[in-house]
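Novice: As a plain string of letters, each chain reads:
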Amino acid sequence: MSHRQEHIAELVLIGAKDLLARAEDSRRLSEATVALRVHRVLEKYILRDDPNAPDEAIKTFIEGLQSDDLCLVLACEGGVESAWSDLIERFSATVRSAARAASSNEAAAEELAQSVWAELHGLKRRDDGSPAGKLAYYSGRGSLAGWLRAVVSQLAVDQHRKQSRLVQTEEDTEFERLANEVEANSSLPTSVTQVTPEQSVSNKFATEQIRDALVSAVEALSDDDRLLVKLYYFDDLRLREAGAVLGVHEATASRRLTRVQTELRGTVKRSLIEKHGWTQSEAERAFAEVALALESDLEGLLGSQNVGQESFGTR
Amino acid sequence: MKETNKNEIDLLLRKLAKSGGAESFGEAQVSQHLDADELNAYAEDALPSAARSRYTKHLIECSSCRGMVTRLALSTGRGLADAPTQLQHRTLRDVLRSLFSAGVIRYAGPVLATLLVLVIGIVVLRLQQRESDYTAKRQAPESLTATPQQGDSASNELENQQEELRATSPPQQTKRLQQEENSQRAADKNEQSSLADTAPTGSTVTIPKEQPESGADVAQPTFAPDPKPAAVTPPPPAPTSEGQGVRSQTVEEGQAAARDRDDFRKRDGVVTGAEQNRPAKRSERQLPLAGRMARAPAKNETAEKEKKQTYSSGEVRVVAGRQFRREGSDWVDTDYTEGRAAVLVRRGSEQYRALVADEPAIKQIAEELNGTVIALWKGRVYKLQ
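Chains E and V, in that order, give the protein sequences.
If you count by this note's numbering, then the first sequence holds residues 1 to 315, one letter each, in order.
If you count by this note's numbering, then the second sequence holds residues 1 to 385, one letter each, in order.
Simulated from the structure, these hints should not be mistaken for laboratory data.
Backbone N, C-alpha and C fix where the C-beta goes; we use that ideal spot for every residue, glycine too.
You may find that some hints are simply not true.
To be verified - So the derived list for chain V, only partly shown, Cβ under 10 angstroms to chain E, looks like this:
(1) Leu11
(2) Asp35
(3) Leu47
(4) Leu127
(5) Arg130
Said to hold, decoys possible - Dumping the calculated EDC-like pairs for lysine to aspartate or glutamate here, alpha-carbon to alpha-carbon at most 16 angstroms:
(6) Lys134(E) / Asp35(V)
(7) Lys57(V) / Glu219(E)
(8) Lys57(V) / Asp49(E)
(9) Lys44(E) / Asp35(V)
(10) Lys18(V) / Asp235(E)
(11) Lys57(V) / Asp224(E)
Unchecked claim - These stretches of chain V come out as covered by chain E in the derived footprint (C-beta under 8 angstroms, 3 or more residues):
(12) 354 to 362
(13) 365 to 377
Make the full structure from the sequences, and use the hints.
Specialist: Structural data, given as structure tokens:
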């Protein structure tokens, strides 16, 4: 073992002692048990990104672990019955609530909740004979309640995928029918297709130059800004919701989005001028035409999708 | 123009998103997803910055994990309640940064300096004006009624005369003193009735010394003399044995007069006895600025007392160890301070179910208290509707 590894092991052991001292109920866990889990978590969230992380960062990280939740989980993993009772008593409502949110009906929710408890306990056994439950993946970095909700959500998605595969053949037939209907309808003269500006929009928008410039501009944004663009435009979240994911307030998200839009405009314009030889006035005119044409196009589009209640940029 | 600029990009991005441009924007089929712990730690913003950045990259590409993180973040209400503090912090930082930027210092510096000079000038002018008004007010009654010092000297003369009289003929002197006392009472009455704002007279030197007892009240003019200087007329007790009872009475009166005189002097001779009886507001207005400022905390205390009384008279309930007071149709945690950001949770919503699942006490609060409830729980404020 290298000197660095020894030093980290020391820090982890001290951190484990502190964690046990911090916990309201340490559940008679040994320092070694806690240290083992803490070390694994440290590797995952700190040392993987920065193998030479300073001592202070390591200490702060360990201090940020949820001591009570982690002790409870470790005790459950160790097969302590009282710990299991506590876990079920404290979190059965959370699991049920998350299962209800992820299920279409009460029976499915109940089934999902039962599956979660089974997954937590672990139906299979590891090499050392201990149950291979999902609890082994809880790091203590977030709350146990939140982690359980995440477990329920993941399990629900998995179950949904399995069911989707089973009924795929039937659905394919249904999709084919729908596709035929859409095809038939598309030949009808609708108000959207009749409007000349919309055709113009499509043409303008289809031009690879503007599209490529915009794609490149988005890719050049910082990760946080790109995530905001994804959440707001692609996932159709409100600014408040996007802000919650990013950990910022709605107003901050709004300011950030405004800045991103301004940045994107500048980058796209520069790209059109520098890469494709557009003049300044051509770029300006293209933006104006696109805005004019897209506005009418999107009104129809958004109206048809019933999401047009809010004005642009202020969702 | 700026708004239009934003809208153009806004519209372009919307169009791309709707036309299935996800792949163009880095949306890819990822084989490995974040595990539950990573998703939850991201949603709860409990990750170190480097790890968070790594997972942000994944979330940009993976709509499935992004959706899950979104659901987790929204189910806990995280970021919605804590954010205002962050916002204030950031705003303050931004404001400070922008205040001390080179551009601001170059252009706004001189403007601020000019404004500062103007403000200081206005304040100084107002203070001087107030000072001069105050001096004028102070001098006006003095010139009209004789200054307190003049009053004192006149009363000293009177005291000497009374001393002489007391020494020579106590019964007569007693009678005179009683007459003076009566005239003084009459003067007070008239002062109270007429307030004598316009013409405070030199009462000290024009006190009628010879006046019939019966006509004392009637004989006083409506612009009655200022009672305060008149009150100084009782002489100090003479060291004679005769007229002991009268002397003891005059001693008390003298002490009372001295107290009045002290009060009079304390108020710089501006507030007369009649004015003391006027509504407190007026006398307060006439106090110097410092005096008014000194009285301000007392006022606040009174308001606080009234508020407390109102509060104690309101309906208060204790649920789940928290105390709530009724405010209209709402219940507000007594520890809640106005302006704190609250997480809005509607009863029956998914967020509500998730919350009460974690915090059964909130369920108890929501069920026992009707209407909107603002509850403080574990450092967070929840607005239950």
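Novice: All the hints need checking, so say for each whether the structure fits it.
Specialist: Quick rundown of the hints versus the structure:
Of the supplied interface hints, the one on Leu11(V) holds, with its beta-carbon coming within about 4 angstroms of a beta-carbon of chain E, less than 10 angstroms. Checking Asp35(V) against chain E: minimum C-beta separation of about 6 angstroms stays under 10 angstroms; hint holds. Given the 10 angstroms rule on beta carbons, the hint for Leu47(V) holds: about 6 angstroms separates it from the nearest Cβ of chain E. At its closest, the beta carbon of Leu127(V) sits 42 angstroms from a beta carbon of chain E; the interface hint therefore is violated under the 10 angstroms criterion.
This hint is violated: Arg130(V) has a C-beta 44 angstroms from the nearest C-beta of chain E, more than the 10 angstroms allowed. Taking the CA atoms of Lys134(E) and Asp35(V), the gap is about 10 angstroms. The hint holds against a cut of 16 angstroms. Distance restraint check for Lys57(V) and Glu219(E): the Cα-Cα separation of roughly 12 angstroms lies within the 16 angstroms cut-off, and the hinted pair is therefore satisfied. Of the supplied pair hints, the one linking Lys57(V) and Asp49(E) holds, its CA atoms being roughly 14 angstroms apart against a limit of 16 angstroms.
Taking the CA atoms of Lys44(E) and Asp35(V), the gap is about 12 angstroms. The hint holds against a cut of 16 angstroms. As the CA atoms of Lys18(V) and Asp235(E) are separated by approximately 10 angstroms, the hinted pair is consistent with the 16 angstroms bound. For the suggested pair Lys57(V) and Asp224(E), the alpha carbons sit about 9 angstroms apart, so the restraint of at most 16 angstroms is met. Residue count for the stretch 354 to 362 of chain V with a Cβ under 8 angstroms from a Cβ of chain E: 5. That meets the three needed, and the coverage hint holds.
With 0 residues carrying a beta carbon less than 8 angstroms from a beta carbon of chain E, the stretch 365 to 377 of chain V misses the three-residue requirement, and the given coverage is violated.
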